[in-house]
Amino acid sequence: MSAPVLNAQQTPAAAVEGFSRSETVTLAWPMIMLSVFFVIPFGTMLAVSFFERVPGGFFEPGFTLDSYARFIDPFFFKSLGMTMMIAGSASLLCLILAVPFTWTLTRMRHHHRVLWLVALLSILSLSEVIIGFSWSLLLSRSTGIGNILVWLGIENRAPKLSPGLGAVLTGLCYLGFPYAVLVLFPQLSRLDPTLHEAARMLGASPRRAFMNVVLPNIAKALVAAFIMVFVFTLGAYLIPQLLGKPQQWTLPVLIADQALFQSNLPFAAAMSIFLLGVSLSLVVCVGWLGRSSQARIEDQSTTQSTTQSAAS
Amino acid sequence: MSLQIAGVGKDFGKQTALSDVTLDIAGGELICLLGPSGCGKTTLLRIIAGLESASRGSITLDGDDLMQQAAHQRNFGMVFQSLALFPHLSVEDNITYGLRLRKMPAAARRQRAAELLDMVRLPGVAKRAVSMLSGGQRQRVAIARALAIEPRIFLLDEPLSALDAGLREAMQIELRELQQRLGITTIVVTHDQREAMTVADRIAVMNGGTIHQMGSPIDVYRRPADKFVASFIGQTNLIPATWQDDRLIVRGSLFDPGQAARDNQHTSPDSHETWLSIRPEELIVLDNNAASPPGATILEATVRFIRDVGASIEAHLELPANDNQPAQSLVALVSRDKVQHLHSGDTTRIQLTADCTVVLET
Amino acid sequence: MNRLLNRLFLGAIALFMASPIIILLGVSVNAEKRLAFPPQGFSLRWYLELWNDAGWHSAISNSLLIASLAALLATSIAAPLAYGLWRRRSVWLRIFHAFGVAPFVLPPVITALGLLSFWIAVGGYGAFYSVVISHGVFLVTLPLVTITLGLDAVNKEDLEAAETLGADAAARLRTIILPQVIPYAISGAAFAFVLSLNEYIIAYMVAGFTVETLPIKIFNSLRYGYTPAMTAVAIVFAFVTALVFGLIGYFGDLPRLLGAWKSKDDS
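Chains as they are written, first to last, in my numbering: chain L, 1 to 312; chain P, 1001 to 1362; chain S, 2001 to 2267.
Derived by calculation from the structure, the hints in this document are not laboratory data.
Ideal Cβ positions, reconstructed from N, Cα and C, are used throughout, including at glycine.
Hints may contain errors.
What the simulated footprint calls covered on chain L by chain S, stretch by stretch (three residues with Cβ under 8 Å from a Cβ of chain S suffice, anywhere in the stretch; the number is not a length) [as the list claims (entries may be wrong)]:
hint	segment
1	19-33
2	71-85
3	96-107
4	181-194
5	211-220
6	252-265
7	274-285
Each computed SDA-like pair below joins lysine to any residue, with the alpha-carbon atoms no more than 20 Å apart [as the list claims (entries may be wrong)]:
hint	chain 1	residue 1	chain 2	residue 2
8	L	Lys160	S	Arg2034
9	P	Lys1014	P	Ala1026
10	S	Lys2033	S	Asn2002
11	S	Lys2156	P	Asp1093
12	S	Lys2033	L	Arg141
13	S	Lys2156	P	Ala1162
14	P	Lys1227	P	Asp1355
15	S	Lys2156	P	His1088
16	P	Lys1103	S	Arg2034
17	P	Lys1227	P	Val1250
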């Protein structure tokens, strides 16, 4: 006689351990799609970066480090430095605006907050083309805000603010601000509000309480947010083009330019791989920071499971 | 419907959550699985429900092997600790969920939902969202939902733990009445011994994955089988004692625990340590000037603290340390008129009698 | 005083956020073919031109079609992945989860170039379907995140309750999981739709010279002759985007979708 032990196939409780056949079939779809259209394209790009360039045509399979060798060039270093400088200062500006704003946002009434979030999301998903174009209008001589100065009698001729470094930074700030807010939003809204209140009870002014109690508690989140916004603005392609002079063109502009107009796909791929390396290591840093600060926040708040932000 | 649980065990990895539980439950009976958290009571309930698989053992319902049936085939109604009311469904849709799966026509379902809501004394909320209900109302909806499918067995996992004290007691009585009216075989998991005493026909006291004692509420209270049961069910004083063959020695004095306890000892005559359990309300504190009854076992104690608890006086006593034993504190509940002269710091005497003392088997 | 400062700060942020929209709105109602602000005259002719001009018309319909298909594709990829991970945290599923999130976190030009080399190699360069698939894969992150949030909100005890009431695995999926998760999936698809609608670099690299989406068309008109119609289309776009998010905000729980733990219960 066999022992009356549960048959694993028959009880749903036991079936949770593994997946049924129909589930396995369903899971194959995302795996195939992501393998074919994400993993393989990245592999292709990696391969292309080692291919030989054919002047006038695209490329020809082979193995050469020529494209990578082109990194050792003052021009590339200058563009790289400019890219980092632009992305760095834009993200810093974004954060300076976004931290107090997000703090205020998390303490608003529900429907005010939803209204702001709708506005932020709308601007965040606004095409870079539209943002770049409207800021070029705003900063231009004929239609721009400079005309307000003329109207006020401060200047007699409207200044031309675009293209230029200031215009690029303004545009990137506009692009990155909603992103920064949405990256900070989960962290700040999960922060235990009693921390701030406790500090207030001990006699700290709201601003002091924020500086002494809230900021140290979100320091890691801030660094993480800075890196995220940095990677985000690093990816801007149209704004440097629309609002900047050629010397302010960032790496993505150069990559697209090489790929589409100079027909040098191997070099574009090599620069992409480089950019990938930089951003990936930064994102990994964020993941690492996130894990350690998450533990802290979860200590403070006993609610629910960790949810990842949908910040886009 | 009678349920037979035979040698059921459950291992989580190397850890044994439940070891060889055997339990027979008669039709229409209400059994409480009572124990501290982590004692395996919920695991046992979930195995009965089919939500967890057993590592060994068998469960049969009127001779019908349950191990071959998945939870959704067992037709057992279960009330969960979190209540698990479906947030996206109305009260009525929650209650008729199981009936819809059983393809009952819509009109009949509505009818049945109204009957069930009447039964749990919650009429007129059928169309409401679950989130609009109070804690007690949600409780009733959860009970109605589990009973809607006319379950063969009714299972409840800490069903009242979310309610505040007053409501909880009222619901306990209501639950018991409902169960008796329906005559449904029921298993309730709880860590609250008062709740178990209120609702159960029999209580299974569990700890460390085993059933320590199975009996009627008064049985487990009056005649606890072991030290764990004695201290878990109500408050008790545990005094170490020693069997020397068939003589019981308590703190140097001989004590006659009565015929039944001696008979028990006769089955395994040897010398070993044991415990006496005396409920605070049964501990006899002698008047200062009263003479000791001849032949009685008397222990001297010091009064440490006196507390008025309303109906009676709670006296905290201490048996002084002697050569073999350390000092031991005792609690006695004494009626007000008997002990006006008790003051903290006094020395007094307590009397052990066979009637009020239980010799624990382990 | 603090209140006033706070108001001023919020006002300044609102002005910063709104000013590009205001100028676009102003320019779009110019009577003449000039990018003048404040507008000279008032007319809605540029909005009409969007409707009548075949070029704008095809760009709009291209964009809408690509965005709808890409949103569906992204959701269809994300849903089983999120469900699988919710059921079981297997290493493979986690790796694919990372693949699903990666393209969105990295600078898009990298994904764009990867897809460009891929489509050149397999021969889909310039094709409509290439843009749909590229966007679909690029935007998997959004439904993946929202569906995961939706599944996390499903109480596992609810599933056990359904099980004791007689629901087998398929019935539990149909009656308990799907009704609670579908709103999140719709939000995710809507996010993906809006982002695809506005996406430039990937569409441009994969099929920029053959399939003209709206952002590409706007950029091209920027280069080859300004017209206020560009601003009109930008306004229409901004409006559609705000409408979609407004709907999500109205029907869904936006703060929770964006990562707050509690939202509606505190005021």
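Against the structure, the hints come out as follows:
Counting residues of the segment 19-33 of chain L whose CB lies closer than 8 Å to any CB of chain S gives 9, which reaches the minimum of 3, so the coverage claim holds. For a cut-off of 8 Å, the count of residues in the segment 71-85 of chain L with a CB near a CB of chain S stands at 0, and the three-residue condition is violated. Counting residues of the segment 96-107 of chain L whose CB falls under 8 Å from any CB of chain S gives 5; the rule of at least 3 is met. Only when three residues or more bring their CB closer than 8 Å to a CB of chain S does the claim for the segment 181-194 of chain L stand; here the count is 5, and the claim holds.
Counting residues of the segment 211-220 of chain L whose beta carbon lies closer than 8 Å to any beta carbon of chain S gives 0, which falls below the threshold of three, so the coverage claim is violated. Under a criterion of three residues with beta carbons nearer than 8 Å to beta carbons of chain S, the stated coverage of the segment 252-265 of chain L is upheld, 6 such residues being counted. Look at the segment 274-285 of chain L against chain S: 5 of its residues bring a Cβ nearer than 8 Å to a Cβ of that chain, three or more, so the hint holds. Distance check on the hinted pair: Lys160(L) and Arg2034(S) sit about 18 Å apart at the alpha-carbon level, within 20 Å; holds.
Of the pairs offered as hints, the one joining Lys1014(P) and Ala1026(P) is violated, with about 33 Å between alpha carbons and a cut-off of 20 Å exceeded. Distance restraint check for Lys2033(S) and Asn2002(S): the Cα-Cα separation of roughly 47 Å exceeds the 20 Å cut-off, and the hinted pair is therefore not satisfied. For the hint linking Lys2156(S) to Asp1093(P), the alpha-carbon distance of about 19 Å falls within 20 Å, and the restraint holds. Between Lys2033(S) and Arg141(L), the direct Cα distance comes to roughly 18 Å. Compliance with the 20 Å bound is thereby established for this hinted pair.
Between Lys2156(S) and Ala1162(P) the CA atoms are separated by roughly 18 Å; this keeps the pair inside 20 Å, and the hint holds. Between Lys1227(P) and Asp1355(P), the direct Cα distance comes to roughly 18 Å. Compliance with the 20 Å bound is thereby established for this hinted pair. The straight-line distance between the Cα atoms of Lys2156(S) and His1088(P) is roughly 14 Å, inside the 20 Å bound, and the hint therefore holds. As the CA atoms of Lys1103(P) and Arg2034(S) are separated by approximately 68 Å, the hinted pair breaks the 20 Å bound.
Under the criterion of a C-alpha separation no larger than 20 Å, the hint pairing Lys1227(P) with Val1250(P) is consistent with the structure, at around 16 Å.
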